[in-house]
Amino acid sequence: MNIGLIAHDSKKKLMQNFCIAYRGILCKNDLFATGTTGRLIEEVTNLSIHKYLAGHLGGAQQLGAQIEHNQIDLVIFLRDPLTPKSHEPDVNNVVHLCDTHNIPLATNLATAELLIKSLDRGDLEWREMYK
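For what it's worth, the numbering used here labels the leading residue of the sequence shown as -2, then goes sequentially.
The hints are simulated quantities; they were obtained by calculation from the structure and are not laboratory data.
Each hint should be verified, as a subset may be incorrect.
[As the list claims (entries may be wrong)] Derived DSS-like pairs (lysine-lysine); straight-line CA-CA distance at most 27 angstroms:
1. Lys25 x Lys10
2. Lys48 x Lys8
3. Lys48 x Lys114
4. Lys114 x Lys10
5. Lys48 x Lys9
6. Lys48 x Lys10
7. Lys25 x Lys48
8. Lys8 x Lys114
9. Lys8 x Lys25
10. Lys114 x Lys25
11. Lys114 x Lys9
12. Lys9 x Lys25
Because the structure is a prediction, the values reported are computed rather than measured.
Produce the entire structure from the sequences given, and follow the hints as far as they go.
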């Protein structure tokens, strides 16, 4: 599966810890991340990450393009709902595209854990029918 990973600045450490905890599952999949998030994950997990530009420099649009072309199966987007971002429209675009194209999306740690455990159990194999 192709997994997209994005985290707002205040959630990057949480994303690193999530990826450390679920490294065994993540390493069996292809990982895509916005630039800074991808670099930070690689530093602590040694996972191979396909990195886009930084989110505010176009990385969110690059992920969005892959979602539109059905090249992403799951998105984990740890966002900070309390601190507005200057690139918030791009953020909303990723959420909109996931909803439009029926891509499972987690925007908080609880849902991220549910999705990653579902992936490990094989519950997301229905995505293969969409390819």
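**Q.** Holds or violated: Lys8 to Lys25, with C-alpha atoms at most 27 angstroms apart
**A.** OK: Lys8 and Lys25 at ~24 angstroms, within 27 angstroms.
(Q) Please verify whether Lys48 and Lys8 have alpha carbons no more than 27 angstroms apart. (A) Answer holds: Lys48 to Lys8 is near 18 angstroms, not above 27 angstroms.
**Q.** Given pair status - Lys114, Lys48, alpha carbons within 27 angstroms
**A.** Holds, at roughly 24 angstroms.
Q) Lys25 and Lys10: Cα distance at most 27 angstroms? A) holds, 22 angstroms
(Q) For Lys25 and Lys48, compute the direct alpha-carbon distance and say whether it is at most 27 angstroms. (A) holds, 17 angstroms
Q) Is the straight-line distance between the alpha-carbon of Lys9 and that of Lys25 27 angstroms or less? A) Satisfied, since the Cα-Cα distance of roughly 22 angstroms is no more than 27 angstroms.
Q. Does Lys114 pair with Lys9 here, judged by a C-alpha cut-off of 27 angstroms?
A. holds, 21 angstroms
(Q) Lys114 and Lys25 were given as a pair; does the straight-line alpha-carbon distance stay at or below 27 angstroms? (A) holds, 13 angstroms
Q) Does the structure keep Lys8 and Lys114 at a Cα separation of 27 angstroms or less? A) holds, 20 angstroms
Q | Restraint check for Lys48 with Lys9, where alpha carbons must lie at most 27 angstroms apart | A | Within the cut-off at roughly 15 angstroms; holds.
Q) Can the restraint linking Lys48 and Lys10 be considered satisfied, given a maximum Cα separation of 27 angstroms? A) holds, 17 angstroms
Q: Mind checking the alpha carbons of Lys114 and Lys10 for me, to see if they're no more than 27 angstroms apart?
A: OK: Lys114 and Lys10 at ~20 angstroms, within 27 angstroms.
Going down the numbered hints, you'll see the structure goes against none, and every one checks out.
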